[in-house]
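Single-letter residue listing:
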Amino acid sequence: MSKGYICIAQNTGDHDYLSMSYAMALSLKATQKINNVCLCVDADTRSLLTGKHYAVFDDIVNIPWHDDAQYHPSWKIHNKWKYAHMTPYTETIVLDSDVIFTENIDHWWTHLTKKDFLACTNVKTFRGENVTGDYYRKKFTELNLPNVYTNFMYFKQSELTYEITRMTEIIMTNWDVFYEKYLRGIGQNWMSADMAYALAIRILDVEDLTCDYHIKDVPTFVHMKSYIQNINIVKINSDWTKSLTSQLSDDLSVMIGNYRQETPVHYVEKHWMTEDKIAIYEKALGI
Amino acid sequence: MSKGIIILANNTPEFDYASIAGICSDFIRANMKQFDEIAIMTDASTYKANKSKINSKFDRVIVTPESSSINVRIFKDTTSRSVKAEWKNLSRTTVYELSPYDETLVIDCDYFVMSNTLDQVWGSKSDFMINSSFVDLAGRMDERVMYVDEFTIPMYWATVFYFKKSDYCDTLFTLISHIKNNYQYYCFLYNCQSGMFRNDYVFSIALHILNGNVANNVPKLPIAFLNNSFDLDDIYKFNSLNEVIMMFAKKSNTTEYLLGKISNMDIHIMNKKAIMRHMKDLKKLTTKKVTA
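Those protein sequence lines, which keep their order, are chains W and B.
Quick note: the first sequence uses the working numbering, first residue 2, plus one each step.
Quick note: the second sequence uses the working numbering, first residue 7, plus one each step.
You may find that some hints are simply not true.
[Said to hold, decoys possible] Once the Cα atoms are required to be at most 30 angstroms apart in a straight line, the calculated DSBU-like pairs of lysine-lysine come out as:
1) B/K257 / B/K39
2) W/K182 / W/K243
3) B/K82 / B/K267
4) B/K257 / W/K217
5) B/K286 / B/K90
6) W/K236 / B/K257
7) B/K257 / B/K279
8) B/K226 / B/K131
9) B/K286 / B/K243
10) B/K131 / B/K171
11) B/K82 / W/K236
12) B/K171 / B/K9
13) W/K217 / B/K226
14) B/K90 / B/K131
15) W/K236 / B/K186
16) B/K267 / B/K243
17) W/K236 / B/K256
18) B/K186 / B/K171
These are calculated hints, taken from the structure and not from any lab test.
Using the sequences provided together with the hints, build the complete structure.
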């Protein structure tokens, strides 16, 4: 039984997802004992890979079949239904590129392994408070969708995982149809992986098997979207880095606004990850 | 294990804290039973000017040196009046080293003990207890927790806290003294909204640091929140040592009031002018109780 993490990196004109994935992998290697990590890339991103990437990523996989995101230059989430097909591991945690690990969470696997599929349904503010606001999730509230965050999602090779994967594929490749039928109303009208997986879980009626709302701390992560930080939205900038101080120290601890971060951090603002920060991780790992 | 309550009171030209502390002590004696002593911690000038009054109300007097620096703040007395006055609040951080008790409960002199709930602190397994949650009895504030600043840590109220002589508290109060001595730095680091020295901030910062800069789970007092009447409220009448009728400034119009009766429940009354206005009645009430 192998365990590992998986992440898709497809660079856009605006963002260097490969660098962010590299930083994520470095933080993973520096803090976790269970630290296999698989990177999934399209042809363009693969051409950017260098020796340091091959050194850090345990597996590098080409996104299979064709690139579903090829006609979406700035929002490449369309291949996210393929995780179960791409993973080389028996048990996998899905991550976004803009996530970093701050402390060891190996013990989470003990809890995760009890399930075939477990979505993160509770996220934290930088203070470690449970997020209760739905500023970015009006449609989830309105339609009472499973509160799924795919930035940190566990699955093992199982029938349930492939059912969810198949349904998510159908939803993602026929988004307009599913949007019209199930998702019209307030809130976002664009496709997101969270919404596609949430709808798949709802249609398959497997919420009780895949979501655990009673356990708030595993899995979870600090979600750095500004307007869910329990701070008056009039006072905080929509880019949290303009309102809150933060730093990555040489000991790899991450401080955000006087708080040392204990769980993985989804930093959201892509510019937060810099070459300087990557150098800190590389130095810590002797790369 | 000796169990003592310490009330801090340093008179200023504007406020007779020693008298308020005397009343506070009467309320404690009427409602709490399981302590050994009540002590006042006061500066030399306050003690000298109020010696007989203080000696009659307290089992022990802890005299602190006069503070070399003066804190000034605005004291509101409902919406109609406010006064800028001295505030001597720098000695609280030394209460740990000056307390002669194994277990100490520190209470502000404007905290009226009208129940026996705080008796539950004695013999606690926790070395230190303090609250961050509060209820605004007037209902003007919906929040249950205030932050030192909206972008930083929650504020603990140093109005009432309990400590035990212990390694943890040794470290905590050493850190508290360090923060007090470097207040400007920590004020900047934690984005403290007021430049004025506040014990609430110092305690909050120390607790946060001592907990490793992560979310705190500091043990709470037996009632896990403070019942706060802020300084826009007024006192209508104290009915007894267990009951007060307050005039709560309305949320919609703070110049209008709602009467509210608080019974058998501790209350933190921040309008000190209002307390002083009722001093005569309070003295009668406490004298009657003693006589009875």
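**Report entry** Restraint check for B/K82 with W/K236, where alpha carbons must lie at most 30 angstroms apart
**Finding:** With a Cα-Cα distance of about 27 angstroms, the restraint between B/K82 and W/K236 holds, given a limit of 30 angstroms.
**Report entry** Given hint B/K267 paired with B/K82 - CA-CA distance at most 30 angstroms
**Finding:** Within the cut-off at roughly 22 angstroms; holds.
Query raised in the report: Hey, B/K257 versus W/K217, does the alpha-carbon distance stay inside 30 angstroms?
Result: 35 angstroms, violated
Query raised in the report: Is the straight-line distance between the alpha-carbon of B/K90 and that of B/K131 30 angstroms or less?
Result: Answer violated: B/K90 to B/K131 is near 42 angstroms, above 30 angstroms.
Report task. With a cut-off of 30 angstroms on the C-alpha distance, tell me whether B/K286 and B/K90 pass. Result -> 24 angstroms, holds
Query raised in the report: Are the Cα atoms of B/K186 and B/K171 separated by 30 angstroms or less?
Result: 20 angstroms, holds
Query raised in the report: Can the restraint linking B/K171 and B/K9 be considered satisfied, given a maximum Cα separation of 30 angstroms?
Result: 11 angstroms, holds
Requested in this report: For the pair we were handed, W/K236 and B/K257, check the Cα-Cα distance against 30 angstroms.
Outcome: Judged against 30 angstroms, a Cα distance of about 23 angstroms means the pair holds.
Query raised in the report: Taking only the CA atoms, is the gap from B/K257 to B/K39 under or equal to 30 angstroms?
Result: 37 angstroms, violated
Query raised in the report: Keeping to a limit of 30 angstroms between CA atoms, is the pair of W/K236 and B/K256 held or broken?
Result: This hinted pair holds, its Cα atoms lying about 26 angstroms apart.
Query raised in the report: Does the structure keep W/K217 and B/K226 at a Cα separation of 30 angstroms or less?
Result: Answer holds: W/K217 to B/K226 is near 22 angstroms, not above 30 angstroms.
Query - 30 angstroms Cα cutoff - pair B/K286, B/K243 - result: 11 angstroms, holds
Violated hints for the displayed structure, listed by number in ascending order: 1, 2, 4 and 14.
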